[in-house]
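Undergrad: Go by the hints and put chain B onto chain A.
Heads up: the protein sequence lines correspond to chains A and B, in order.
The opening residue of the first sequence carries number 2 in this note's numbering; numbering runs sequentially from there.
The opening residue of the second sequence carries number 2 in this note's numbering; numbering runs sequentially from there.
Keep in mind that the hints are not guaranteed to be accurate.
Copies of the same chain look alike in the list, so a pair counts if it works inside one copy or between any two.
When the alpha-carbon atoms are kept at most 30 Å apart in a straight line, the in silico DSSO-like pairs for lysine-lysine are as follows [said to hold, decoys possible]:
1) Lys-303 - Lys-278
2) Lys-82 - Lys-352
3) Lys-278 - Lys-26
4) Lys-101 - Lys-299
5) Lys-303 - Lys-282
6) Lys-82 - Lys-299
7) Lys-82 - Lys-200
8) Lys-282 - Lys-304
9) Lys-299 - Lys-348
10) Lys-340 - Lys-212
Note that these hints are calculated values from the structure, not bench results.
Keep in mind the model is a prediction, meaning the values are calculated, not measured.
2 protein chains.
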Amino acid sequence: MKEKDSQSLIFSFASLREFTTSVFKHFNVPHDDAVLAADVLAYSDEHGIDSHGIARLKTYYDLLKIGRINPNPVISIVREKASIATVDGDNGLGLVVGPKCMEIAMKKAREHGSGWISVRNTNHYGAAGYYPVLALRQDLIGLSMTNTTAGVAPFLGAEKMLGTNPIAIAFPGFNEPPVLIDFASSAVSYGKVEIANRKGEDVPLGWCLDKDGNPTNSPADMINGGALLPLGSDANGSGHKGYCLASMVDILTAVLSGANWGPFAIPFAIHVAPLEKQVGKGIGHFFGAFDIDGFRDKTEFKKEIDEWIHTMRSTRPQPGAEAVLIPGDPERIAYQQRKIDGIPVNKEVVKSLRIIAEETGIDLGV
Amino acid sequence: MKEKDSQSLIFSFASLREFTTSVFKHFNVPHDDAVLAADVLAYSDEHGIDSHGIARLKTYYDLLKIGRINPNPVISIVREKASIATVDGDNGLGLVVGPKCMEIAMKKAREHGSGWISVRNTNHYGAAGYYPVLALRQDLIGLSMTNTTAGVAPFLGAEKMLGTNPIAIAFPGFNEPPVLIDFASSAVSYGKVEIANRKGEDVPLGWCLDKDGNPTNSPADMINGGALLPLGSDANGSGHKGYCLASMVDILTAVLSGANWGPFAIPFAIHVAPLEKQVGKGIGHFFGAFDIDGFRDKTEFKKEIDEWIHTMRSTRPQPGAEAVLIPGDPERIAYQQRKIDGIPVNKEVVKSLRIIAEETGIDLGV
Chain A
2 MKEKDSQSLI FSFASLREFT TSVFKHFNVP HDDAVLAADV LAYSDEHGID
52 SHGIARLKTY YDLLKIGRIN PNPVISIVRE KASIATVDGD NGLGLVVGPK
102 CMEIAMKKAR EHGSGWISVR NTNHYGAAGY YPVLALRQDL IGLSMTNTTA
152 GVAPFLGAEK MLGTNPIAIA FPGFNEPPVL IDFASSAVSY GKVEIANRKG
202 EDVPLGWCLD KDGNPTNSPA DMINGGALLP LGSDANGSGH KGYCLASMVD
252 ILTAVLSGAN WGPFAIPFAI HVAPLEKQVG KGIGHFFGAF DIDGFRDKTE
302 FKKEIDEWIH TMRSTRPQPG AEAVLIPGDP ERIAYQQRKI DGIPVNKEVV
352 KSLRIIAEET GIDLGV
Chain B
2 MKEKDSQSLI FSFASLREFT TSVFKHFNVP HDDAVLAADV LAYSDEHGID
52 SHGIARLKTY YDLLKIGRIN PNPVISIVRE KASIATVDGD NGLGLVVGPK
102 CMEIAMKKAR EHGSGWISVR NTNHYGAAGY YPVLALRQDL IGLSMTNTTA
152 GVAPFLGAEK MLGTNPIAIA FPGFNEPPVL IDFASSAVSY GKVEIANRKG
202 EDVPLGWCLD KDGNPTNSPA DMINGGALLP LGSDANGSGH KGYCLASMVD
252 ILTAVLSGAN WGPFAIPFAI HVAPLEKQVG KGIGHFFGAF DIDGFRDKTE
302 FKKEIDEWIH TMRSTRPQPG AEAVLIPGDP ERIAYQQRKI DGIPVNKEVV
352 KSLRIIAEET GIDLGV
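The shape of chain A in the complex, shown without the other chains (with noise of 0.2 Å):
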């Protein structure tokens, strides 16, 4: 299936990563940072995870420019204890503040069987599944949580008061692929709403609250004043878990670290004013690595990972699904793919980029 239409332009993974390097620099983000930053965006892309990659440098660029993003932070430690620490991002990039404090974690598990950093005063960082795939590359576990501008309503609430805060952790497998988890603690994502408004379509119930509180189709409702549901969205199904899941990351990112926490934090976007009360500096991530030979032979580990793949690819499937799938396998589908046909851009991205390439004189090629 070759994913070029009408709405997209084609991109090739070189020539994505060259432009948004370009784009960092621009504003003095050191060489290194800005290579970091846009692996962390073109990750995404290569993935086919769209909302999380190109499609979002426009901010990124919009609030470097009016400076409210530190493009050279200095990240420091601030209280630590073997295992765990707290880290102060220095309002840096959260692509750049994220992949450190991830190297923080791994190195504490190295060292003393897990690490775990919560950072506060850091910015957006990406697709959550980034991490954790940094942990693979050594052969440790590897966990990563957001927090995230506030767009969900607590279960019984009518209001936003957390954000879609996802959670990732990847376990590796020896000949199989790994065990990829990343997923929002949303009903669903903002960019799916933001969708099917753009296409004038209904939302299925479950998934919005209008500005009253109500349950609706519309994805307009949402977007005017309404909220996001928590995973399971309502009572029947069980929408008090989903909002567990998020409080768990809200607190473990931003009250523990002393990031804004909850409504308090700051939007991920220019369009926004950030909000006069904070209650911390910049949002909050959580970071965890664990490393398996303290628990249990690392090759025993993978080879058992590989059975489970291969026990949870024999479920039978329901009636009109093809089978069941592995955490991750759809990144990996939309990877092998996206490497020979290369990224698809949409037209609205495309129109963000040209809008960058020329007020900064950087060419992006199309």
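TA: Relative to the frame of chain A, chain B by itself:
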């Protein structure tokens, strides 16, 4: 509201604890272990989690009686590195192995900032929320997970491959009570489906599949060879996220420790023979603890949790809803009520206790 009704008999906290302790001692569970196991079960009954307390005593009793659980296990660390370890529960009661492993995690947290114990060769451990509450007593953040008998279909699957695999975590407040999160990763518990079946009532779509993997309203269809759905239920509700959660718990508890994972998890039931194929020992738990002070001043953190609680409580409720609750509120409300009114025990459960009383000569007191 008095909970007593024609379907229940009322017991005092003390009488249920005494009876339970005596039952465990009847099988030569050492005195302190019997008191501990009774404490775990009592936590559920006293906090309104009726599915995980005395209602399960008959199953523990049956399994001890036929020698399928070891009443006097030697719990040992089989592998270890500073902040992490794997423990073999020697096929003991999960109600005894669990608290002891949580204590090891807490000791590691005090020494190394965090502590993580993956446990194999153990059995059903009661309510997941009991364990983080142990950590709260030492001002630690505590976490627990367990895998359980397969009852849940993976996303798009037609058959049971994973347990209801719960996750619990708790954060201490200062003047406010803790934020106590405890939920199964399935859309609903098997217990809810069983209750509907007993009452001859339908269940909402999104809870169950029948034996062919089709969505069903009929609890009987699920019970007769069907499966529960993961949190999120279907594609519209993001059922893949519940599948991801259940997978994460299964791997951390059972693949990492060398226990039986996925469909091989040992059934917690006398009428279900253990599977012929085993891929490990017993079932698995996973416990974690964090020393808050290694991240942030403990008192500062607890006061900020109070603020977080006030903020979430101040959420405007949905039309028809009274208020937004904090995770842990339902258990606290039940506790306050039951401390005064006593514990209502369903007559079917009382019948099972009478059988135990008769067979052992232990006085049930009613």
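Undergrad: Each hint needs a verdict: does it hold in this structure or not?
TA: Hints versus structure:
no., hint, in the structure
1, Lys-303 - Lys-278, "between (47 Å within a copy, 20 Å between copies)"
2, Lys-82 - Lys-352, "neither (48 Å within a copy, 52 Å between copies)"
3, Lys-278 - Lys-26, "neither (32 Å within a copy, 58 Å between copies)"
4, Lys-101 - Lys-299, "both (25 Å within a copy, 26 Å between copies)"
5, Lys-303 - Lys-282, "between (39 Å within a copy, 18 Å between copies)"
6, Lys-82 - Lys-299, "both (26 Å within a copy, 13 Å between copies)"
7, Lys-82 - Lys-200, "neither (51 Å within a copy, 54 Å between copies)"
8, Lys-282 - Lys-304, "between (43 Å within a copy, 17 Å between copies)"
9, Lys-299 - Lys-348, "neither (46 Å within a copy, 50 Å between copies)"
10, Lys-340 - Lys-212, "neither (42 Å within a copy, 40 Å between copies)"
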